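*Asks:* Chains as they are written, first to last, in our numbering: chain A, 276 to 368; chain B, 3 to 131; chain C, 94 to 205; chain D, 42 to 199; chain E, 86 to 1047; chain F, -9 to 531.
Please note that the accuracy of each hint is not assured.
To be verified - Partial pick of chain E residues on the chain B-facing surface, computed with a CB cut under 8 Å: (1) I874; (2) V891; (3) Y894.
Worth flagging that the hints you see were computed from the coordinates, not collected in a lab.
In this text, all values refer to a predicted model and were calculated from it rather than measured experimentally.
The beta carbon of each residue, even a glycine, is placed where N, CA and C say it ideally should be.
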Amino acid sequence: MSAIIIFTAVAIAQLMLAAAMALASIRMFRGPRAQDRIIGLDTLYINAMLLLVTFGIGTGRVIYFEAALVIGMLGFVATVALAKFLMRGEVIE
Amino acid sequence: MMVNAADIPLWAAVAVAFFLLVGATLALIGAIGFVRLPTFYERIHAPTLGTSWGIGGIMVASMIFFSVAASRIAIHEILIGIFVTVTTPITFMLLARAALHRDRAEQNGKAPDKHTGSGSGPEEIQDEA
Amino acid sequence: MEIILSIAIGVMTSCGVWLILRPRTYQVIIGLSLLSYAVNLFIFGVGGVKTNVPPILTDGVSTSSLADPVPQALVLTAIVIGFATTALFLVVLLASRGLTGTDHVDGRSDPK
Amino acid sequence: MLPYPILTLMLVLMWLLLNGFTLGHLLLGIVVAVFASWAMASLRPEKPKFGKWYLLPKLFGIVLYDVAVSNLHVAKVILRAGSRKHNPGFLAIDLEIRDHFAIAVLAVVLTSTPGSAWLEYDSNDNTVLLHVLDIDNEAAWRDTIKNRYEKLLMEIFA
Amino acid sequence: MLLPFVGSLASAFLLNTSSRVLPSWIAGATALLSLLIVVAAYPAVSAGDALRFHVEWIPQLGLDFKLRMDGFAWMFAVLITGIGFLVVVYARYYISEEDPVPRFFSFLLAFMGAMLGIVISGNVILLSVFWELTSIFSFLLISYWHNTAAARDGARMALTITGIGGFCLLIGVLLIGNIVGSYDLDKILASGDVIRGHALYTPALVFVLLGALTKSAQFPFHFWLPNAMAAPTPVSAFLHSATMVKAGVFLLARFWPALAGTYEWFWIVGACGIITLLLGAYFAMFQQDLKGLLAYSTISHLGLITTLLSLGSPLATVAAIFHMLNHATFKASLFMAAGIIDHETGTRDMRRLSGLFRYMPITATLAMVASAAMAGVPLLNGFLSKEMFFAEAVETHADSILDRILPYVATLAGAFSVAYSLRFIHMVFFGPPPTKLPKETPHEPPHWMRFPIELLVVICLIVGIAPAMSVGPFLHTAVSSVLGAQTPEYSLAVWHGFNVPLMMSITALLGGAALYWVLRDYLQRCDDGPPIFRRLRGQRIFERILVEVSWRWARMAEKRIGTRNLQPQMRWVVATGFFAGLLPLYLSGFETRPFAFTGVDTAFAALWALGVCLALGTAWLAKYHRLAALVMLGGVGLIVCTTFVWLSAPDLAITQLLVEIVTTVLILLGLRWLPKRSEGIDDTITLRARFRRFRDLALAVACGIGMTFISYAVMTMPVPDAIANYFLDNAYSEGGGRNVVNVILVDFRGFDTLGEITVLGVVALTVYALLRRFRPADDSMGMPEQQQIQNRFDEERPERSAGDTVRDYLLVPSVIMQWLFPIIVTFAVYIFLRGHDLPGGGFSAGLTLSIAFLLQYLAGGTRWAEDRIRILPLRWMGAGMLTATVTGIGAWFFGYPFLTSHFQYVELPLIGKMPAASALLFDLGVFSLVVGSTVLILVALAHQSIRINRLRTIESDKAKEA
Amino acid sequence: MNGWTHHLIIAPILIPLLAAALLLFIDERQRVAKAMVSLAAAIILCFVSIVLFEIESGPNAFEGVYLLGNWSAPFGIVLVLDGLSALMLLLTSVIGVAALVYSLARWHAVGAHFHTMFQLLLMGVNGAFLTGDLFNLFVFFEVMLAASYGLLLHGSGPLRVKAGMHYIAVNLAAALLFLIGVSLIYGTAGTLNMADLAARIPQIEPDRRMLMEAGAGVLGIAFLIKAGMWPLCFWLPTAYSAASAPVAGVFAILSKLGIYVILRLTMLLFSDGPSAGFGSTFLLYGGIATLIFGTIGVLASQALGRLAGFSVLVSSGTLLMVLGISDGAVSSGALLYLVSSTLTISAFFMLIELVERGQDAGANVLAVTMEAYGDADEYEPEEGDGVTMPGTMAILGTCFAACAILLSGLPPLSGFIAKFAMLSAMMGTGAIGVPPTAAIWTLVILVILSGVAALISMTRAGIRTFWTSIEGTVPRVLVIEIVPVMFLLALTLALTVQAGPAMQYMDTTIRTLANPKLYIDAVRNAAVIPGVEFDTGKEGH
Ligand code: NA
Ligand code: NA
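One chain only, chain A, in its complex shape (with noise of 0.2 Å):
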């Protein structure tokens, strides 16, 4: 029973969050701006990230954990780089 009810959440937050990602990146192509699309890519990290925290739920595993938290903690160096970008026209000054 426990296996059932955690497998459909699971199942289901996975759909829901592979739709998130899907609306992240229908901003990426439809922009209209390079804003909106840099926060359509962090949108999609996030998402992805959190896909791969209820993988770890539903395999039971913690291995997938340290992807997650790399995500986490530094994936948003890139957006900030592109943010930096934007403003400035350059990375590192």
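Here the structure of chain A is known, so what remains is to put chains B, C, D, E and F with the ligands in place on it, guided by the hints.
*Replies:* Coordinates of chains B, C, D, E and F with the ligands only, in the frame set by chain A:
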């Protein structure tokens, strides 16, 4: 470490499922808002649903799941929560400020000048590069 | 799963090939990146596609069910080398752009 | 030896969270944390000046609650974006706190909270420009920020 | 035997003085010594058996250094060394002080050695070696005065033609080797019947003849010889009369026993010989250049010898050999005489020369005797061999049109020969005194310069008057060594009675004299070269063709089938790669498996639907929307990461993610230097461009489909009995780690990792080196637009100062990013330490630490960051490389191979069991090198901004000063 | 080869690696120190190669197998030393020393980290020659390529950067093909070890084998790009002629690396068994096309650098054709040709710069880049550390003539011997009574024609360079620049004189290669060193 979902008590399973779904729902709503809201400045609010309690929900679910299943406290997910909470604002702040600059430089719609705390979002224009 | 991965590899290959045949250096570098994704997934895929059996030994779990670690090791090497060469190509294209004034792969300034 | 004791402590905690608690990892964690603090020292960051640091959990609780509430609020805004029009707007606020660390905390809090976003900070006159998703009551927003957050922060970071 | 050859070469190369006396003495001594040695060998040779010398060279290939001197070779050797000696004596006075004398003698001696090599080679490959050597040295000798275009062109033409001929000869002798099974000359000469009867006889013959005929300047390859007259006269006397051109006919005679006597031989050799004989003589009449006349005469005489050899009769061969000898003597002396005339008057143009008899009577007399010999006047040696020729011409050999016209041709050529000989004498030495010579008052040359001519002319006379007594025995030795058992009876008498050949001789003499008389006035005025043919000059045609084929066509062809552009190259690479993959499958009839959509996870499928869209978007936007494309590429990378997690590869996911982050930043760092690009500017799409795009698209789609099929096929095929199982079974027990991937990386296949990090290191160094010289394009030199606007904004307001905007912009983020630094450092240590048992490892940790550094650069800028953290990336790299390597070498001290790992669990107080593998040390090296390299790359790129700022300041300062 | 000497097998990889690591610790300004370390390493390397070569050419020649990490094949990575790899190692180190000495005159100071990259290039090349593992081969290819990118770009300037970009782009694509090929082979055969793969091929079921062959085909393209087969070779003349002289000199070995691998793999995997003869027709036609293209290019080249670049293609084309007809005797001639042409082209590349220095062409480019892009922290290349030669022109001329003779295959130097060895095996005493086939005739004619083309082109170039120079300025040539060139050319002379023993070596090598069983058994039977139990753990396996 590997645990089996069938080993955990029902209450925990329900809690896990609940938090999981809450988190996923918030993330999804955030994404929907991100697509639906009309201006950039409005749109930046939406994904924070996902980055705040969206993450929170799923992390809590994970913590409950692994703690109960392995019968010991497993709360390292909290780190993810902390990091995301701390780092996401950086991106948003930097981007929003960059957008502000761009809108001002292009005298685009009603981008607020400094100090004028008024004005709604600028009109949307297509990006060039 | 295999079919999804195969199609993904195919599409990324197509996009990558299309891009590396383009005249702008930036297109080429993006194309090479896409191609390395495709190739990395391909190397990864030859070991067989298995879910949730990472090649990490846990007591009591039979090793025969685990995913093939060799392609994974190969992909790791390929990722590293791909990273290095992307960086290199980037710098070379910058140098070329600096010296020729254009971002055309042949250093031509006329648009073609 | 220990340039940032609180940081070091936090790092040890992080280490233990990552690796699980054993005596070995506690020792190893301390070594690593001290090493990382030294690394931090080389950056010569502005040290936050803590005043009533014990109020931190209070801030934490408030924020957690506010975030949850705004989550619901914003979710509503999004889900009925068609029917009832929300009222987005910019908001410029004069700040009193000057401590960079405190300002950073405020910025993180405001940005993490759905519905408000930190746009621009001006160090010359210590003002901040925010964007608010639904600015029905501008005064209430100002009040929340000035009294609910800023005051508390000023107490924490004396 | 070997000594003269080696001696001449060696001594030649030792010379390096500026004096002209010493080199000529050495050269003369060498030549004389060689001559004496050759002469001393006569008793042995005349005994009938060849002298042999044998050293193994490449026994496997049948190429030995084998020398073999029989009578024929001996005769040539005497000729070479003897005339060589005389030419050295002559050249001692001929070559002027200003010219590089040592070089001349060195080449001359080297040539002599090579020429000797040809005649005494006992192995046909060795022969062809010397053959090409003579071509090379003749090139150097002809071009001795290389500052004149004529010398260069003549030399090049001679080399090209004789060089090609040499290659042909090589093929020919290779074929003979195929037939006979040996390159040994003795064996080949003994297998004449086998060769002539073999299917490969004709190609072998043709190739050998191509070699011989080019060398001997036979029609249609005759034209190089007159152009070679740009050489100094001693060279002409030596190479172009006595030796090199004789190599061709020497070869014909040498191979006569093996190749001659067939119909093919007769036709090819005969036709060439007859045409050359006639044309050469005819052309010679109309030359204005003394040496040109002699050159064409040489061609003609060689044609005569060739014709004789073609006949296939032993008697004709005797005549041929005899004439080789005779021609060498009189022609060498004539060349030297011409050289003296040139030397004394400064010109060789017969139209300007006249009446020289009164200035140099002795030389004139000598020249007259020699040219009489050339004309075939009785009592001189030329007469004898010509008589023999006429006699053979009359005989019927192989009844054909050639055979029948031969007597008439012979007589006609004889007449021509008389005419040009007469002309030479008459025009140069008789008539009124010359006017307007480049050099005033010519006089007799020094005695020793004349001595060689005197000697040769005396020989002409002696042989002409008393042939049997003088040259008889030697000739017999030579002839019998060629013909062996076939050696015919022949008599070397001056008087054979009044017979047909004599009639022909008389006719030729009278006819020639008459001809000259008729043409005299015309010849005095006419242009160089015979009428009609004057325009049709082989040399011109040759050069035209050479230029056309070897230059214009080649360039055109290179453009056609080659390219210097990148796009077509990439197209080829992709296309060949595609076909190399699919063709084997297609040819072997591979059947693809039907696609099955079972067992597909919906979320995974959705993920990749997204990934596919993002990939397409990336491809679509990469041209105009670079940032968007980069963002989408990031999206694809993320989905790849997720896939790795999904499909049991957490290590890959982490690594891919970190790489993804760093790569994005890198590309962004680069994006600043790329030109602005906006849609619509260069969008005039031609039809061709459209076609090209379509083709590329088709190729891209085909590759994609191909990859899909192949990957599906291979994925659905389980890896058979793979090495993987061994790794899975032994990673823990033997490698001491639970993360099998990591154990493979640092232990089982640690060597790969060592190489891989080396790649990263080299790339970092390259990036660094290249960026030190980096200079952006002019339109990227300026500050980015955003910064200009923001700085202007700051400057316009009194309360602000420049840079306020960016400081405020980064104020809050930089606080957070700074405080993240120790956290990420800690995380890096964590990732590093867990690598052996769980996902992570040195590489990921290294990247993580680099990102920590990167973040500080992002937050505070380069100056700020470097003011605080001084990373010495090169040290990190060196330390990493050294650590990894030394760890590997450490195993040696325990008696194990490189990279053998050592692991054990260490019992630590308080902590308990800790794994301690030497692989961890190796991984530490990896970590260090990755940190160093990544930081080096990032920093080198980041530094460009401040570098350019500095550059800009310097330039604006300069502009202000100016 | 027991005990310590056994480790000599890996020394050709470790010496340059350690040298490179040490060089990273020496500051860029201490150029003399850097040069000393680098040179010492190269000389030691050369010494080691000679020892290894001596071992392989001795009476007890064998397949030396080095089990890295003490893991038995096919699980670990193995290095295999045999006649072929020993020969290639020797060739590499000899050329390496020559090029390095040459570079000390000026080039090593023109940009940063020359020596490090040079050492790593040697490491990559040596590793690729030694390895017995397909993926490890990829890694060493990449090491070699990465270093070659750096070296090609060494000195910067528009020409080099453009050529470098093309070179890099093409080789990155090649690397991807390499990966696809290797993974296909792993996926179908389940091994990466070359010997193990060869042993497994007969047992692979047809379906798999087809895919395996597809993998081999794709892999082959990667090598053929390196070897410069038409139409994958257009980058080569441009890249090689754009490289600085010492770099181009050592690049001469790189295209041979492609040839080496093809030779190694075809002999090992496809000499018999179910996949026998795989790809040989392709190689034959590819070789013919390459040779034709190279010949045309040699004729069409105006600049000496391009001429040399196309000579590389001629050499590759010839070798590929020979691989295509896969005949033992011809192959051993081809091996001699490989050595001879590599030495020649290497010497020629280095000579070109000296010759053109008189015409100020190369020097000008350098001067321009130095002037325009020199930075404040840039140091000027200095001229002085060496003695200039007397009689420069004569020596340059002689060297040039030697190159011309070698390239066109004229006697007496080894170019002739090598061609003769091949041709003789095809149609001379090596093939008594066997009438040459159409393929053989084509081959022979093409080989000869390519020689003629080289002759025409080289005389044209030589005359233009040496005899028609208007000003006749004598180039400033240092002893340390011309001596390496003369050294390499002297080696070709030595090769001529010692052609007998050399051919003997080549014959033995090819005969060993033709019997893959020797290789396979050597690798498979290589025993790990038994582990010694320690108190708390264990060593080895
Ligand atoms: Na917010
Ligand atoms: Na101001």
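*Asks:* Now, for every hint given, state plainly whether the structure supports it.
*Replies:* How the hints compare with the structure:
The closest approach between the C-beta of I874(E) and any C-beta of chain B is roughly 5 Å, which is under the 8 Å cut-off, so the hint is satisfied. Checking V891(E) against chain B by beta carbon gives a least distance of about 10 Å; that is not within 8 Å, so the hint is violated. The restraint placing Y894(E) at the interface with chain B holds, with a minimum CB-CB distance near 6 Å, inside the 8 Å limit.
Of the numbered hints listed earlier, the single one contradicted by the structure is hint 2.
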